[in-house]
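Chains as they are written, first to last, in the working numbering: chain A, 1 to 247; chain B, 248 to 494; chain C, 495 to 741; chain D, 742 to 988.
It should be emphasised that the hints constitute simulated quantities derived from the structure, not laboratory data. A few of these clues could be false.
What the hints assert, rightly or not - With the Cβ distance kept under 10 Å, some of the chain D side facing chain B (calculated, not the full set):
1. Gly904
2. Ala935
3. Ala938
4. Val942
5. Ile967
As the list claims (entries may be wrong) - Listed next, with one range per pair, are the computed distances between beta-carbon atoms:
6. A:Ala48 / B:Trp279: 37 to 43 Å
7. C:Val638 / D:Glu747: 58 to 64 Å
8. D:Val762 / C:Val638: 37 to 43 Å
9. C:Ala715 / D:Leu851: 35 to 41 Å
10. C:Thr610 / B:Val286: 45 to 51 Å
11. B:Ala310 / A:His140: 56 to 62 Å
12. D:Pro803 / B:Ala468: 50 to 56 Å
For clarity, every value in this text was computed on a predicted model and none was experimentally measured. Heads up, the beta-carbon is just placed ideally off N, CA and C, and yes, glycines get one too.
There are 4 protein chains.
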Amino acid sequence: MDRVEEWERRSERALTAAAFVFLVAYAVPIVWPRTGGTVAVVCGALVAVTWAAFCVDYVARPALSRDRRSFARTHLFDLAVILLPMLRPLRLLQLITLLNVLNRTGVYGLRGRVVTYATGGTVLLILCGALAITDAERGHPDAVIGGFGDGLWWAMATLTTVGYGDTYPVTVTGRIVASLLMIAGIALLGVVTATLASWLVDRVSDVSEAEQAATRSQVDALATEIRELRAELAVRSPDERAGPPLG
Amino acid sequence: MDRVEEWERRSERALTAAAFVFLVAYAVPIVWPRTGGTVAVVCGALVAVTWAAFCVDYVARPALSRDRRSFARTHLFDLAVILLPMLRPLRLLQLITLLNVLNRTGVYGLRGRVVTYATGGTVLLILCGALAITDAERGHPDAVIGGFGDGLWWAMATLTTVGYGDTYPVTVTGRIVASLLMIAGIALLGVVTATLASWLVDRVSDVSEAEQAATRSQVDALATEIRELRAELAVRSPDERAGPPLG
Amino acid sequence: MDRVEEWERRSERALTAAAFVFLVAYAVPIVWPRTGGTVAVVCGALVAVTWAAFCVDYVARPALSRDRRSFARTHLFDLAVILLPMLRPLRLLQLITLLNVLNRTGVYGLRGRVVTYATGGTVLLILCGALAITDAERGHPDAVIGGFGDGLWWAMATLTTVGYGDTYPVTVTGRIVASLLMIAGIALLGVVTATLASWLVDRVSDVSEAEQAATRSQVDALATEIRELRAELAVRSPDERAGPPLG
Amino acid sequence: MDRVEEWERRSERALTAAAFVFLVAYAVPIVWPRTGGTVAVVCGALVAVTWAAFCVDYVARPALSRDRRSFARTHLFDLAVILLPMLRPLRLLQLITLLNVLNRTGVYGLRGRVVTYATGGTVLLILCGALAITDAERGHPDAVIGGFGDGLWWAMATLTTVGYGDTYPVTVTGRIVASLLMIAGIALLGVVTATLASWLVDRVSDVSEAEQAATRSQVDALATEIRELRAELAVRSPDERAGPPLG
Chain A
1 MDRVEEWERR
11 SERALTAAAF
21 VFLVAYAVPI
31 VWPRTGGTVA
41 VVCGALVAVT
51 WAAFCVDYVA
61 RPALSRDRRS
71 FARTHLFDLA
81 VILLPMLRPL
91 RLLQLITLLN
101 VLNRTGVYGL
111 RGRVVTYATG
121 GTVLLILCGA
131 LAITDAERGH
141 PDAVIGGFGD
151 GLWWAMATLT
161 TVGYGDTYPV
171 TVTGRIVASL
181 LMIAGIALLG
191 VVTATLASWL
201 VDRVSDVSEA
211 EQAATRSQVD
221 ALATEIRELR
231 AELAVRSPDE
241 RAGPPLG
Chain B
248 MDRVEEWERR
258 SERALTAAAF
268 VFLVAYAVPI
278 VWPRTGGTVA
288 VVCGALVAVT
298 WAAFCVDYVA
308 RPALSRDRRS
318 FARTHLFDLA
328 VILLPMLRPL
338 RLLQLITLLN
348 VLNRTGVYGL
358 RGRVVTYATG
368 GTVLLILCGA
378 LAITDAERGH
388 PDAVIGGFGD
398 GLWWAMATLT
408 TVGYGDTYPV
418 TVTGRIVASL
428 LMIAGIALLG
438 VVTATLASWL
448 VDRVSDVSEA
458 EQAATRSQVD
468 ALATEIRELR
478 AELAVRSPDE
488 RAGPPLG
Chain C
495 MDRVEEWERR
505 SERALTAAAF
515 VFLVAYAVPI
525 VWPRTGGTVA
535 VVCGALVAVT
545 WAAFCVDYVA
555 RPALSRDRRS
565 FARTHLFDLA
575 VILLPMLRPL
585 RLLQLITLLN
595 VLNRTGVYGL
605 RGRVVTYATG
615 GTVLLILCGA
625 LAITDAERGH
635 PDAVIGGFGD
645 GLWWAMATLT
655 TVGYGDTYPV
665 TVTGRIVASL
675 LMIAGIALLG
685 VVTATLASWL
695 VDRVSDVSEA
705 EQAATRSQVD
715 ALATEIRELR
725 AELAVRSPDE
735 RAGPPLG
Chain D
742 MDRVEEWERR
752 SERALTAAAF
762 VFLVAYAVPI
772 VWPRTGGTVA
782 VVCGALVAVT
792 WAAFCVDYVA
802 RPALSRDRRS
812 FARTHLFDLA
822 VILLPMLRPL
832 RLLQLITLLN
842 VLNRTGVYGL
852 RGRVVTYATG
862 GTVLLILCGA
872 LAITDAERGH
882 PDAVIGGFGD
892 GLWWAMATLT
902 TVGYGDTYPV
912 TVTGRIVASL
922 LMIAGIALLG
932 VVTATLASWL
942 VDRVSDVSEA
952 EQAATRSQVD
962 ALATEIRELR
972 AELAVRSPDE
982 RAGPPLG
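Using the sequences plus the hints, can you model the full thing?
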């Protein structure tokens with residue numbers, strides 16, 4: 001199994017870099033649609049190359065692994081990330097890889113990690129949602145989302161479940177992107193509330209924890225009492241205790 | 248009572264199949280409104296047959312039961328499911344039966360079951376909400392929801408409480424369907440948040456659980472101390488202990 | 495103090511009835527705006543009479559009480575309920591009295607009472623919100639809420655924070671009513687989630703409760719051990735124990 | 742370090758007053774846009790003076806501190822509050838200082854303080870959001886938010902995530918203000934729910950707390966048992982105990 005681990009350790013930085021390059025190469029023609037043909041060609045090439053890198057990684061890992069069947073079973077999500085790019089805006093799901101960067105922030109504690117991932121995921125979601133919706137809506141005659149700025153604004157209003165309705169998707173791809181963002185919005189609300197609730201419950205229960213500490217000190221007092229009893233018995237009959245070894 | 252249980256065990260699969268057939272037969276004329284007259288007639292017949300199957304089940308169970316009065320009292324909800332279909336789009340409430348399929352997924356633990364039911368219920372709600380709203384709105388001159396695609400999009404935006412306002416019901420039946428979906432949306436938000444919060448509280452409190460374990464180990468130490476005291480007393484006076492049985 | 499309690503016990507049913515009559519008399523001219531002049535006059539009279547009843551109750555209680563100052567201080571909310579009716583749609587705040595009916599439902603347990611009050615309060619809020627918004631908006635040239643049906647639909651969409659935007663208030667009074675309903679919506683979301691979370695935390699923690707029970711049984715074992723030690727000591731030296739009273 | 746503390750104690754009231762003056766001087770030309778030129782000049786001067794006061798405070802504190810480096814590192818937020826005013830409507834972030842007033846309300850307990858800060862912060866957010874959005878949108882040809890009243894209404898609908906869509910920002914500054922308010926809305930929802938959940942969990946767990954008390958009383962019983970054992974041993978052998986001091 002260590003050949004897979006070695007591959008993963010070596011390829012991790014390369015894949016994170018590839019995901020970052022993919023994000024930029026995908027974003028440039030969407031954010032500045034009037035960039036010249038050369039830029040568009042370069043960006044297209046970079047998107048293709050980074051996608052190829054992810055494919056190589058997906059094929060290499062089971063090839064290096066001894067237990068290929070369980071790999072295929074436990075890495076279905078990776079396969080989805082590779083194959084989904086067929087639908088252009090959903091290609092951005094590949095960027096989940098970027099969240100691994102957060103593993104290096106050195107934040108400890110479950111709640112700290114939840115907050116870090118939620119914040120990182122939210123920023124990534126808004127960015128990718130804005131890119132995907134702009135890509136999906138642009139060109140449609142009835143579209144109300146005209147550029148990346150509108151896309152960002154729409155992503156914000158959707159993720160927070162405000163939904164003014166001044167901007168909304170009209171294409172099928174746009175509505176699928178919107179649905180994913182809405183579900184993420186519900187999850188985001190849940191994570192924010194749950195983390196706050198867990199923190200509050202934990203802090204408030206510090207008082208009752210002090211009561212539990214009292215119980216522990218009671219047991220300590222009990223132990224002292226028994227130890228004193230033993231000491232008294234030892235003092236009371238030193239001859240008796242000395243007796244048996246002599247006899 | 249076991250006659251009722253036997254009936255329920257035997258009829259469970261048939262009723263789940265009936266609910267599934269009902270869903271399909273109800274959905275087909277709504278999703279493809281231009282299907283020929285034959286398809287519409289077949290679907291109408293299937294809807295009627297499956298409804299009849301649910302009626303038979305509702306009548307058969309108290310007939311087989313010894314305690315008919317308590318049956319009527321505890322199965323008011325089943326009666327509502329049977330009688331509500333008078334209002335066409337609300338007939339879909341019958342599909343709650345389909346959630347029983349989730350009982351066979353073999354998910355254990357309270358939180359696992361809550362997640363499974365919430366996910367299954369959400370998918371079913373969006374599907375049924377979309378069918379019901381399309382059925383209710385279609386034909387109304389001011390309707391903005393024109394087909395099943397619009398219905399699905401509207402159900403998503405309503406259940407997640409985003410509510411863009413690009414699609415909204417204008418008929419009374421549509422607004423009742425929408426109100427049910429809004430209430431479900433609030434409940435969904437609550438379930439997502441509560442499950443996350445419960446998981447976080449549980450994971451974070453693992454630390455204080457270790458403190459409780461410390462208390463238990465204290466009691467263990469105390470028990471050892473007392474056992475040693477007994478052993479010492481026994482060693483100290485073997486003659487005294489041997490004495491009473493002799494005398 | 496018991497004269498106040500006697501007054502409250504005697505007047506409770508009358509005041510609940512008055513609040514109910516107030517709701518109906520207030521609602522009729524709003525729901526059916528084209529009712530004849532006689533009905534409007536009767537309803538107006540009933541609204542005035544019930545308001546007078548609440549005023550009498552507010553004046554009677556401190557008059558019967560020995561400690562008038564603390565009464566004024568602790569019943570500021572009651573005073574607000576009496577005086578607020580100056581603003582017509584806010585008069586409905588008087589209906590909080592109706593929630594006292596829920597005290598008689600015989601639901602025990604904190605969570606049960608929270609659920610009962612939240613459900614009752616939500617129904618009352620939607621009803622009163624719809625009446626208040628219809629009353630406030632009707633007659634305004636730009637109003638999009640034309641009748642009680644629109645009002646109910648708007649109240650639903652606002653309280654659940656969906657907010658399609660097909661109906662929205664345009665008058666200042668309407669926007670104040672809307673703001674109150676939005677705040678209630680946030681509180682409702684909170685209550686639903688909190689109750690679910692509390693229930694889940696409670697059910698899941700049943701397992702760790704079993705662990706606490708184990709600790710208690712450990713202490714029981716310890717107590718048995720000590721009791722046996724005492725018994726042994728008593729058996730070992732019956733003569734010594736009998737000795738002191740004889741000597 | 743005490744020179745910094747002395748400065749902070751002395752300047753606290755002055756800075757709170759400055760923040761309040763800033764809020765009023767900033768608000769007046771926005772709420773009443775047709776006020777004469779003199780009022781506008783006075784208000785502009787007051788905004789500049791209060792801003793200077795905050796700058797002086799920010800420069801004075803590290804100058805008085807011994808440990809200047811750690812000051813710069815731990816007061817980055819203060820720097821942001823000072824420098825952000827470049828963007829006009831975001832200047833209102835300076836008003837966070839006003840929340841310190843809440844420290845003097847004498848509310849004890851973690852949950853009480855959370856509720857106080859959430860309520861105070863919400864009122865301040867709605868006020869500042871309304872001022873900022875009116876300031877940002879006014880003058881734009883497509884603006885739908887025409888005055889402070891519209892701004893307040895929009896802030897309410899945004900913070901509660903209702904988002905009707907009858908009013909929405911169209912400028913970039915307005916959309917940034919809106920995004921901040923949406924994030925605050927999610928946090929507000931989280932705080933309300935978390936506080937309610939923590940309160941419910943705490944109240945419901947009072948029952949299991951009584952069970953813990955039972956454990957403590959068990960330990961008390963155990964301690965009594967051991968104390969009685971010691972007393973018995975002392976009574977049983979008074980001569981033995983008296984012996985050692987004599988010998």
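Each hint tested on the structure:
Of the supplied interface hints, the one on Gly904 (chain D) holds, with its beta-carbon coming within about 7 Å of a beta-carbon of chain B, less than 10 Å. A distance limit of 10 Å between C-beta atoms decides the matter here; for Ala935 (chain D) the minimum to chain B is near 8 Å, and the interface restraint holds. Below 10 Å, beta-carbon pairs count as interface contacts, and Ala938 (chain D) has one with chain B at about 6 Å; its hint therefore holds. Because the smallest distance between the Cβ of Val942 (chain D) and any Cβ of chain B comes to about 8 Å, under 10 Å, the interface hint for this residue holds.
Hint status for Ile967 (chain D) relative to chain B: holds, with the closest Cβ pair at about 9 Å, below 10 Å. In this structure the supplied range 37 to 43 Å holds for Ala48 (chain A) paired with Trp279 (chain B), their Cβ-Cβ distance being about 39 Å. Taking the beta carbon of each, Val638 (chain C) and Glu747 (chain D) are about 60 Å apart, inside 58 to 64 Å as hinted. Here the CB-CB span from Val762 (chain D) to Val638 (chain C) is close to 41 Å, well matched to the stated 37 to 43 Å.
Taking 35 to 41 Å as the suggested C-beta distance range, the pair Ala715 (chain C) and Leu851 (chain D) conforms, at roughly 38 Å. Taking 45 to 51 Å as the suggested C-beta distance range, the pair Thr610 (chain C) and Val286 (chain B) conforms, at roughly 48 Å. Between Ala310 (chain B) and His140 (chain A) the CB atoms are about 59 Å apart, so this pair conforms to the stated range of 56 to 62 Å. At about 53 Å, the beta-carbon gap between Pro803 (chain D) and Ala468 (chain B) stays in the expected band of 50 to 56 Å.
Checked against the numbered hints above, the structure violates none of them.
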